[in-house]
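Since the structure of chain G is already known, use the hints to place chain Z on it.
Protein sequences appear in the order of chains G and Z. Adding 1234 to a residue's 1-based position in the first sequence gives its number in this note's numbering. Adding 128 to a residue's 1-based position in the second sequence gives its number in this note's numbering.
To be clear, the hints were calculated from the coordinates, so they are not data collected in a lab. The reader is advised that the hints may include incorrect statements.
Label pairs and their in silico Cβ distance ranges [what the hints assert, rightly or not]:
1. G:Glu-1625 - Z:Gln-265: 37 to 45 Å
2. G:Gly-1717 - Z:Arg-211: 41 to 49 Å
3. G:Pro-1325 - Z:Leu-183: 32 to 40 Å
4. Z:Asp-264 - G:Trp-2045: 50 to 58 Å
5. G:Asp-1449 - Z:Arg-211: 50 to 58 Å
6. G:Ala-1644 - Z:Leu-183: 47 to 55 Å
7. Z:Gln-265 - G:Lys-1676: 51 to 59 Å
8. G:Ser-1702 - Z:Lys-141: 40 to 48 Å
9. Z:Glu-140 - G:Glu-1391: 39 to 47 Å
10. Z:Gly-184 - G:Glu-1784: 49 to 57 Å
11. Z:Gln-265 - G:Met-1286: 40 to 48 Å
12. Z:Asp-194 - G:Pro-1477: 51 to 59 Å
13. G:Trp-2045 - Z:Gly-184: 38 to 46 Å
Partner residues aside, some chain G positions facing chain Z, computed with beta carbon under 10 Å [said to hold, decoys possible]:
14. Ile-1276
15. Pro-1313
16. Thr-1362
17. Glu-1365
18. Gly-1717
19. Thr-1719
20. Asp-1953
Glycine included, each C-beta is placed from N, C-alpha and C at the ideal position.
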Amino acid sequence: MSSQKDSPKPAAEKRADGDGLRVIGVPRRRVDGRAKATGQTIYADDISLRRMAYGKLLRSPHPHALIKKIDASRALAHPGVYLVLTGKDLPNKYGILPVSNDETALCVDRVRHVGDPVAAVIAREELTAFEALDLIDVEYEILPTISDLEEALTTPEPRIHNYGELGNIHKRVAFDFGDVDAGFAEADEIFEDLFFYQGSNHLAMEQHAAVAIKDPEGKLTLWSSTQTPHNLHIAMEKVLKIPRAQIRVITTPNGGGFGGKSDPFHHEMIAAKAALLLDRPVKITLTREEVFYTHRGRHPVLMKFKTGVKKDGTITAVELQNVIDGGAYGSYGVASTFYAGALQTTTYHVPKYRYQGCRVFTNKPPCGPKRGHGTVQPRFGQEIQMDKIAEKLKIDPADLRLRIVESPNALTANFLQLRTVKLADCIRSVVRTSDWKEKFRKLPEGRGVGLACSCFVTGAGVSIYWNSMPHTGIQLKLDRGGGVTIFSGTSEIGQGSDDILAAVVAEVLGVTTYDIRVYSGDTDLGPVDLGSFSSRVTLMAGNSAIQAAERAKAMLAEAVADKLQVPKERLRFADNAVFDSAAPEKRVTFQEAVCLGETRFGTIGTVGSYTPPKMPATKYKGGGVGTSPTYSYTAAVIEVEVNSTTGWITIPKIWIAHDLGRQINPTLARGQVEGSVYMGLGEALMEEQEFRRLPKKLSHALVHKFPSILEYKSPTSLDMPEIVTEFMEEPDPQGPFGAKEVGQGPLLPIMPALANAVYDAVGVRIDEVPITPEKILKALAEKKAGREPRYGPTHFPEVPYPERLRVPPPWEGGDGRAINEEVRRAKLRPEKEKVLTR
Amino acid sequence: MATHTKIPAESEKTARIRITLNGEGVDVSFAPYKTLLEVLREDLGHTGTKHGCELGECGACTVILDGKPVLSCLTLAVECDGRDVMTVEGLGSDGQLHPLQEAFADLGGSQCGYCTSGILLTAKALLDQNPHPSRDQIREALSGNLCRCTGYLQIFDAVEAAMVKIASHTKSAT
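Pulled out of the complex, with its shape left as it was, chain G reads as follows (with noise of 0.2 Å):
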């Protein structure tokens, strides 16, 4: 265990006869930093290359609406313009997941939400092609808006897609594993809740960008901040007809990612179209508005929670029911709908579990995967509904905790297989840093502290599209004047994957990171790495990294015996030199040993690559979903002043504790609870991506009530409280030196425990985000009159889930199948034929 503010940890031990670690756990320089702290970072818009020409989209004004009819030709005549593209040019279906292919580069005959791009225009200037937008004549026929998961549920018609289940409904799931009705009666008590997520965008501060060429040899080369450059290399070979080995994709940096950047994008396809077209770069570049359009960030959820408990605090069951604002396309929203009910039994121990989940299609941008992708709305219910119960049973919320967090190596009653699991030191460490026990209950009137608690996976068990392949790659060179070069599929979006890759080879090699090169996120240098999401780059492309980096030191370990005449294995690698440990004067430098490598072997290159453990769960249908190689657990408690008047919420202080397995870059560690908490601050108390009519006697439209950051609010450097972090850090065999994930996780307990924390502090339950003045003033005045002191949603609406899939747990004989699959699709299929037929 190692405090980050109290006492910064020792560096790693440095031992003479080589043992030990001596880049892992030190904090230490990125080896981006000096990029970009000088200003030589090249994002996707800094490319500039010679006859560049610009792109810009032609967007709908309208949310819901048939294209009838194009007219380009006086954009056309535009002096500058070189081309314009529409639906036609690019028909083919792409998306994210093999499942739903719902996207055109370009709408081909309907529009399904205010910014769908209908037209491009490139041209010599930006502004030029900016200004021959309105040159564009587009007739619409405007068709009725679906605005919210309400009406989406209950206006079959018109259909958003031609897919899906039921009218708007986009998918569903339901699982109950277990009996989950027995699971209820048998319990002391039943806790019932409404919980209402707000949508939010990501607001990378780098607007999307890609530039793409035709090369001198005719191919294509797409540079584009993009945090999945192998499924762009995918959805391009289908959109462009042309063979993937003929295209080059190159990830630049990305100025911030936070899923953001995970899905295939228009502007991608039509800059590469329009490339190959006029044998030209080009470029398109996002505005702020656009990227608001763009969207695909934290899905709006509706949740019922029930939850069964002993006197105790032991849980019988639990039950969710959601369902999931999709916007207008299916983006990752099937994995979504499954995520938001994976993981919650991964925290505290719950026998019996039922799911059902419902994404719908609205006419609004796509949401699609933010920070704790799906998890982060269930987790806010969750945990707030905890802090309900320990009350009503009168257990300390902590303690309550404690009493039933979920064991290391358990397999859960939906077959997620856990490892390490330090929860329960977590909880203790934010008990003891915030003083948790004099406060609770304690503090004065408008003071609060409130904890939650959360769990996230270190990578996705299964990838998006099925396959039995790694999930990454490595290719390790070493060079014979002692450089390393790493080649890597896997996108820096600013967490510092780069980083990471060369802390783990450095280690294993005896060098430092300085010694080492780079080069990520290129589909022609770099062997496939499924992309930056759900946490999986450090332990997926560090395991790989370190196969590799294993596999050259066994070379170079074999030629240095030989030379020095010691067995190899007393030789040891540290401090750029390979040497006997028991006779560490018998030495050569690592240079030397590489050249004895390149003697013996030939060049000295390696490979290494990463697939998950197979997992148990995999046997029922969407188990794949939730199963990971190894889970991380955070708690955290924040402590609020709340205004009663105005309803302000200022927060003086806020503890963390993350289980991260080890540190490799602790500086960066550090970086991502920050920032984390940081951003789970601004889901919870201001940020949202809201709509609003426009009045009749204008179109009606459904439109953005802020495509903008000046009304699209997030927290700044005035907003920050302190942050004291912990690391529970005991090594996860299934990590690179032990290393769980810490770039998501950290984030999910931000939020229920600001709502908890509001509790203590005025009384009022504030059940869904962002927590403003307004709803807290509004709970007060209920409060005040004497009624049920809280603000949220009051109606959860009639979903028609389908037939549940039963898996019994382990513990009832379940060996992860289900029981009634046959069943339940015989009966399933003449619901879907009815709607497809209709």
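Frame of chain G; chain Z shown alone:
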């Protein structure tokens, strides 16, 4: 595909200014509608200055104009004739990083790095004006520069570390 012989108005570089850019006199011609941000990035090849909103909302485009931090996306380039502009490219000197740059690189002040240039220049302007700011003064000074990655705390740490280093340099120089 369109073909035109007429030069589009947007391409006509009819405006011209002379500025001191990072201590060096430069002369640049550009289309008159352009902002200082656009001229720096597109006409002068100084891409270290970033944009996040083009509307003065995010602070990513901050440069120092005549000693004061300004949003270059809200500054018309034609207004800058004869003035002194400092960008991130001009922070270091004699091949050495500025203490702020060192501290940001070492202490996690930068993650994705996109907001970093603007924050460095805002911090530089602050330290030039007030060599010993309190943490609250640092918070206040940086409140117009959004960062989505760090949660700001490592940025504050970096500014404070640079402040100490600059102060000790100044002390030893006098």
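Verify the CB-CB distance for G:Asp-1449 and Z:Arg-211 against the hinted window 50 to 58 Å. Distance hint for G:Asp-1449, Z:Arg-211 is violated at roughly 41 Å.
Do the beta carbons of Z:Gln-265 and G:Lys-1676 sit within 51 to 59 Å of each other? violated (34 Å)
Supplied distance hint 37 to 45 Å, evaluated on CB atoms of G:Glu-1625 and Z:Gln-265: Check passed, 42 Å falls within 37 to 45 Å.
Could you see if the CB distance from Z:Gly-184 to G:Glu-1784 stays within 49 to 57 Å? holds (52 Å)
Taking 10 Å as the limit, does the beta-carbon of G:Asp-1953 come near enough to a beta-carbon in chain Z? holds (9 Å)
Okay, G:Gly-1717 versus Z:Arg-211 on CB: inside 41 to 49 Å? holds (44 Å)
Classify the hint on G:Ile-1276 as holds or violated, based on whether any CB of chain Z lies nearer than 10 Å to its CB. Given a least distance of 7 Å, the restraint on G:Ile-1276 holds.
Holds or violated: the 47 to 55 Å window for the beta-carbon distance between G:Ala-1644 and Z:Leu-183? holds (51 Å)
39 to 47 Å as the expected CB spacing between G:Glu-1391 and Z:Glu-140, which holds or is violated: With a Cβ separation near 53 Å, Z:Glu-140 and G:Glu-1391 fall outside 39 to 47 Å, so the hint is violated.
Taking the Cβ atom of G:Pro-1325 and the Cβ atom of Z:Leu-183, is their distance within the range 32 to 40 Å? Hint holds: Cβ distance 35 Å, inside 32 to 40 Å.
Hey, does the G:Pro-1313 contact hint survive, CB to chain Z under 10 Å? holds (4 Å)
Outcome for the supplied range 50 to 58 Å, where the beta carbon pair is Z:Asp-264 and G:Trp-2045: holds (55 Å)
Checked against the numbered hints above, the structure violates hints 5, 7, 8, 9, 13, 18, 19; every other hint is satisfied.
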